[in-house]
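Please model the entire structure based on the sequences and the hints provided.
Those sequence lines, one after another, are chains A and B. Numbering follows UniProt numbering, with no gaps: position 35 of the first sequence is 35. Numbering follows UniProt numbering, with no gaps: position 28 of the second sequence is 28.
Keep in mind that the hints were calculated from the coordinates and are not lab data. Among the hints, a few may not be true.
As the list claims (entries may be wrong) - Listing some non-contacts, in silico: residues in chain A with all C-beta distances to chain B over 10 Å:
id, residue
1, Leu-15
2, Ile-16
3, Gln-25
4, Lys-33
5, Asp-38
6, Lys-47
7, Pro-72
8, Glu-73
9, Leu-75
10, Val-86
11, Ile-111
12, Arg-133
13, Lys-139
14, Asp-141
15, Thr-143
Claimed, not checked - Part of the chain B face toward chain A, derived, beta carbon under 8 Å:
id, residue
16, Arg-41
17, Pro-46
18, Arg-167
19, Asp-169
20, Lys-172
21, Lys-197
22, Ser-199
23, Asp-205
24, Glu-209
25, Asp-243
Quantities reported herein were computed from a predicted structural model and do not represent experimental measurements. Positions of the beta carbon are idealized from the N, C-alpha and C atoms, including for glycine.
Residues per chain, in single letters:
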Amino acid sequence: MTNMVLPAATKVHMLIGQCVPCIKQGASKFKIKRLELDSNLNMFFPKHEVVYAHDPEKICKTGDYVIIEKLPEKLTRLITHKVKEVLYPLGDVTDPITGKKVVVGSFRDHIENVSKAYGEKKTAFKYEKAPKRGWQENKKDFTHVETYIKYHEDGSNDPTAV
Amino acid sequence: MIRFRCLGINSVVPIHESCILDNIIFRNYAFKSDLKIKWNRPEKIPCYKPEKSGDLKGFPKLDKKQVLLEFRDSKELQSADENVKKLFTLEFAPKKYTNRIFYNDIVEKVKRHEYDRTSIEAKIAKWTGVIRAQQEHLDKFPRNLRLKVILKELIEKRKKHLRHLRRWDYKKFEWLIENLDIVYKPEPTESYVISRKDSLRKLTDKYCEGIKEDRLNLYKLKLESEHPAFLAEKISCLKFIRDEQIACGTEVTVTDDEINEVQKQLDDLKKKNEELNKQNENE
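This is the structure we're talking about:
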C-alpha cells in the first residue's frame, strides 16, 4: 500500500519518455517511468504510465528516449503532448564527455582502428555508408510493431504474428 | 430473427430465438453462437523450424568439386595426381566438411578483417551457419532430440545477441540482418496459451470492430453526399435571415463575408467532386 501518490504524468508540463511501438499515424506512444515511494517499506518502486504525443513526421522510433511537452489543449481524447526533442536515440550512443560515438565499452574509432591494423575487409560494415535507421522496417526488422501469438489460421501471412 | 446479447465488456453474441422465452435470455449447455465465425487452430510449428528462427534462407547447395577448406593452400595437392585431388574434394568427404565451408563462407561475408572471429557480427554469422546446417539435418532426423535441444538453445542465444546488438548499435544490427537474411521479431507483448474460447472471443471482437467500421464508413459517405445540398440550404437560410433582419430594422448578425465563405466552400466541394468523378471515369 502506498501513502504517497504521484500526480498523474499527464499533468506534468515536460516529461522524458521511452517510445514504444504504436500503429497510430501522426502520433507516438510513450512509456514514462516514475518512482513511487512506498512509505511502509520506505522504498521507491517504478511505476509506468502511457502518454500519446503528437508527432506528425514520426521522428521517434521505438526505444528512443524523448522529451515531450504538454499541449495547451488536447488534440484528441488520447493525444495530450507533443514531441520536443529526441534525447537518446536507441542504438546510437554518444559519450557525453568526448562527444564520440560509443559501442558498449569502446569507441567506434578504436574499433575501426583495430580493424585497419589487421587490414580492413571491403565487405565489412562501415558507419559512414550505413543508411539511416529504419530502412529494414517491415522487411526484416519488426520491432516497430507489437507482435502477438498467432491464435487463428486464416491463410493470411501476418508478419506481426509469432 | 437474430438478437444480440452482450457478454462482458467487449463481446457480443447473437442468440437463437429458441434461447429467448418471454424476453428472458437463457444459456444452457447446448448454447450455440449463430455468428459465422469459424476458428481454425493454428498448426504448431516446432521451435527449430526456419519459420520460428527467422531464417529466410536455408542451407545452400555447395559445389561438390571444391577442395576441402584445410587443403586449399596446399602446394603438394596442387601438384598431385588427378585422382588424389578428387579424394580431397567435398564429394569424398563427410558432411561436416561441407558444413565447415559453409560456416567459413557466411562468416567471410560480414567479418571485419581477415583474422576476425570474435566480433559480434562474426559470431552471429557463425551461429547462423550452424543453425541452417543443423535445421537441414534435423529435418531428415526429427527424432534426434539432443540436437533439437542444442539447436533451440542456439537459436535463442542468437536472438539474445541480436537483441543486445540492436540496443548497442542499431545501424550494424540492420546491416547484419539484411546480410544474413534473418527476420527479427520482438517477443510478443502478451503471453498466453491458445484456447478455443479465448480465440473465439478475440475473433468476435474483431468481427464487431469490422461491423462498426463498415457502418461508420457508410455513414461518412452518406454525410459527404449530403454535404453540397446542406451547404446550398445554409446559404439560402443565411440570405433569408439577413434579408429579414434588414427588413425588420434589427441588428444584422449575418455578414456578407459569412455567406461568401459558405459559397466558396460549396464551390470547392463541387470542384473536388468533379475531379473525383473524372478520375473514376478514366479508371
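Assertion that Arg-133 of chain A lies outside the chain B interface [Cβ separation over 10 Å]: Nearest chain B Cβ is 5 Å from Arg-133 of chain A, so the label is violated.
Minimum Cβ-Cβ distance from Ile-111 of chain A to chain B exceeds 10 Å: Ile-111 of chain A is in fact no farther than 10 Å from some Cβ atom of chain B, at 8 Å.
Cut-off 8 Å, beta-carbon criterion: hint that Asp-169 of chain B touches chain A: OK, holds: Asp-169 of chain B within 8 Å of chain A, min 5 Å.
Non-interface claim for Asp-141 of chain A versus chain B (Cβ beyond 10 Å): violated (6 Å)
Exclusion check [Asp-38 of chain A not at the chain B interface, CB over 10 Å]: holds (27 Å)
Non-interface claim for Glu-73 of chain A, where every Cβ of chain B lies beyond 10 Å: Nearest chain B Cβ is 24 Å from Glu-73 of chain A, so the label holds.
Given as non-interface: Lys-33 of chain A, which should sit over 10 Å from chain B by C-beta: Fine: 16 Å to the nearest Cβ keeps Lys-33 of chain A off the interface.
Interface exclusion of Pro-72 of chain A relative to chain B, criterion Cβ beyond 10 Å: holds (27 Å)
Chain A contact restraint on Ser-199 of chain B - CB to CB distance below 8 Å: holds (4 Å)
10 Å Cβ clearance of Val-86 of chain A from chain B: holds (13 Å)
Interface restraint verdict for Pro-46 of chain B against chain A (beta-carbon cut-off 8 Å): At about 14 Å, which exceeds the 8 Å cut-off, the nearest Cβ of chain A leaves the hint on Pro-46 of chain B violated.
Status of the Arg-167 of chain B interface restraint (C-beta, 8 Å, chain A): holds (6 Å)
Hints 11, 12, 13, 14, 15, 17, 21, 23, 24 and 25, counting from the list given before, are not met by this structure.
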